[in-house]
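Peer 1: Taken in order, these protein sequences are the chains called A and B.
The first sequence maps to residues 28 to 313 in the numbering used here.
The second sequence maps to residues 12 to 91 in the numbering used here.
In short, the hints are calculated from the structure, not lab data.
Don't take every hint at face value.
Stated by the list, open to error - Facing chain B, a subset of chain A residues (Cβ under 10 angstroms, in silico):
| # | residue |
| --- | --- |
| 1 | 68 |
| 2 | 278 |
| 3 | 282 |
| 4 | 283 |
| 5 | 284 |
Unchecked claim - Simulated pairs of lysine to any residue, SDA-like, Cα-Cα distance not exceeding 25 angstroms:
| # | chain 1 | residue 1 | chain 2 | residue 2 |
| --- | --- | --- | --- | --- |
| 6 | A | 171 | B | 70 |
| 7 | A | 58 | B | 23 |
| 8 | B | 68 | A | 242 |
| 9 | A | 60 | B | 22 |
| 10 | B | 68 | A | 102 |
| 11 | B | 87 | A | 235 |
| 12 | A | 60 | B | 62 |
| 13 | A | 171 | B | 60 |
| 14 | A | 204 | B | 60 |
| 15 | A | 171 | B | 16 |
| 16 | A | 125 | A | 75 |
| 17 | B | 90 | A | 165 |
| 18 | B | 68 | A | 204 |
| 19 | B | 68 | A | 125 |
| 20 | B | 87 | A | 125 |
| 21 | B | 68 | A | 163 |
| 22 | B | 68 | A | 306 |
| 23 | B | 90 | B | 60 |
A virtual CB, placed ideally from N, CA and C, is assigned to each residue, including glycine.
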Amino acid sequence: MAKGRELLGRIKSTENTRKITRTLEMVATSKMKRAIDRVIAARPYASALSDVISRLYSPENAGAFPLLRQPEIEKRAAVILLTANRGLAGAFNSNLIKEARQLVARLDAAGTQVDLHVMGRKGIGYFKYIGRTMLVQRTDIGDKPTADDAASLVDGPMAAFAAGEVDAVYVVHSQFKSPVSSPAVTVRVLPVPPPAAGTAQKDYLLFPSAADILTTLLPAYVRNALYRALVETFAGFYSTQRTAMKNATDNAGEMITGLRRTYNRARQASITQEIAEIVGGAAALE
Amino acid sequence: MLRVSVISPEAVLFEGDASSVVAPAFDGEVGILTGHAAMVTTLGTGTLRLGDGQSFKVEGGFLQVDENTVRVVTEKASKV
């Protein structure tokens, strides 16, 4: 029964693996729920902000705001890539990296200089591996991102854009559509797309003035775009990880069933053989 | 009664009725009662107080009044 013992060992080790993947699946499920709550909680702020911005915006005053400047050619662009610090989430990180790689290749081909801002160990690891310099590397943002984290990521590129050093800021992140779909997307956060003006321009009393209000709200709008990208990325990460771990658990289960079956068959075969030997031996004595 | 909502990037901190709102605008406190004209003003840093005694620390953002609906949209907010 040398084969049988070997099979038992494999069954045991697959069971241990399944225990780990199942635990990770449960952890990811609960973290995913909390991450989705954050995505939903972030919506009212974003809609209130864009509502007021589009009310105050008129095409005539667009020239006064550095963040609304629409450069015709992009000489230099900042790319902010959001990835996770950890793996075990299927193709989550590699999809994001692929999206970023395509964007960078497109910008390179157009002759645009690219400043890379990378969050997450996985993204940093890739760009280090291909030997590309990164302007900013961040691994300190955990799975509960705050508005301050978003601000710390985007304030640098935003200041550079306002100063005219950078002509566009892109964010590559995971868009959380549903727990089973969170594709990698590229969003251009700067220049701010001109809001659809003229939605029932009501007579508001404006303090200090429309221009001053917009000057303070536009940066908040950009920061919020990044905050939402952050929370969606984490929601996408945990939902992808949950799916990956669920598949791993299911596969382990199937493997164990198969191995058990093989083991039992081997056991039965050896018993049958022993009986046949005994019977044969007894028959030879007669 | 005013319909008031206090919104930060991370969450909606308050949503409900209040008899009055006192908010730290960029140039000093502003008080709002029912029937206030439609207004948008930027906020400074300070304490936002509602008529029923609740208060919030707010920082930046804006306040919008429109037909007895007050929206306080702030970059940082926490309940006091």
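Peer 1: Now, for every hint given, state plainly whether the structure supports it.
Peer 2: Tested hints:
| no. | hint | in the structure |
| --- | --- | --- |
| 1 | 68 | holds (4 angstroms) |
| 2 | 278 | violated (38 angstroms) |
| 3 | 282 | violated (43 angstroms) |
| 4 | 283 | violated (43 angstroms) |
| 5 | 284 | violated (46 angstroms) |
| 6 | 171(A) x 70(B) | holds (21 angstroms) |
| 7 | 58(A) x 23(B) | holds (21 angstroms) |
| 8 | 68(B) x 242(A) | holds (22 angstroms) |
| 9 | 60(A) x 22(B) | holds (15 angstroms) |
| 10 | 68(B) x 102(A) | violated (42 angstroms) |
| 11 | 87(B) x 235(A) | holds (20 angstroms) |
| 12 | 60(A) x 62(B) | violated (35 angstroms) |
| 13 | 171(A) x 60(B) | violated (28 angstroms) |
| 14 | 204(A) x 60(B) | violated (37 angstroms) |
| 15 | 171(A) x 16(B) | holds (24 angstroms) |
| 16 | 125(A) x 75(A) | violated (33 angstroms) |
| 17 | 90(B) x 165(A) | violated (30 angstroms) |
| 18 | 68(B) x 204(A) | violated (33 angstroms) |
| 19 | 68(B) x 125(A) | violated (42 angstroms) |
| 20 | 87(B) x 125(A) | violated (35 angstroms) |
| 21 | 68(B) x 163(A) | violated (32 angstroms) |
| 22 | 68(B) x 306(A) | violated (90 angstroms) |
| 23 | 90(B) x 60(B) | holds (10 angstroms) |
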